[in-house]
Amino acid sequence: MHKDLVIEVDNEPGALARVAAAVSDAGVNLAAATCLGNGERAQMHILVHHPEATRHALALSNLAVSHEHDVVVVDVDDEPGVLADLARRVARAGVDLDFVYVATNNRVVFSAQDVAGLEAALGVTAGV
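Just so you know, the working numbering puts 60 at position 53 of the sequence shown, and the rest follows in order with no gaps.
Hints are not guaranteed to be accurate.
Below, computed lysine to aspartate or glutamate pairings styled on EDC-like, alpha-carbon distance capped at 20 Å [to be verified]:
| # | residue 1 | residue 2 |
| --- | --- | --- |
| 1 | Lys10 | Glu75 |
| 2 | Lys10 | Glu59 |
| 3 | Lys10 | Asp121 |
| 4 | Lys10 | Glu126 |
Source of the hints: derived by calculation from the structure; they are not laboratory data. The structure presented is a predicted model; accordingly, all values stated were derived computationally and were not measured.
Just need the whole structure built from these sequences, with the hints factored in.
Structure representation (structure tokens):
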């Protein structure tokens, strides 16, 4: 099962490299990464299949996971309208999204407080 892990870092050159190196040195593959921050701090979201190993590897590099989210990962075709169709399904189900981003291998990652509702709307199981 995939998990979205959030790492808060100083917003400075090399921050992404430190996180990516810590994870890859532990032999964990990053299935996706996104970073948000326009001030002194930034939040990195990383999608991993092995959250325990990732947390341990980050701790060894003096980095910590500040939040962890269950997510729904959907395999998609790389063509116009796919995200719009998925978003409409989620909206019709009345699920309020927390965040969404694109992962490797044509996948879209969704997070919501109502994971069961999100799974039902998208027809998939969380983290798969």
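Each hint tested on the structure:
With a C-alpha separation of about 7 Å, the suggested pairing of Lys10 with Glu75 holds against the 20 Å cut-off. With a CA separation close to 10 Å, the supplied pair Lys10 and Glu59 stays within the 20 Å bound. Note on Lys10 and Asp121: the hinted pairing holds, with a Cα-Cα distance of about 15 Å set against a maximum of 20 Å. With a C-alpha separation of about 15 Å, the suggested pair Lys10 and Glu126 falls inside the 20 Å cut-off, and the hint holds.
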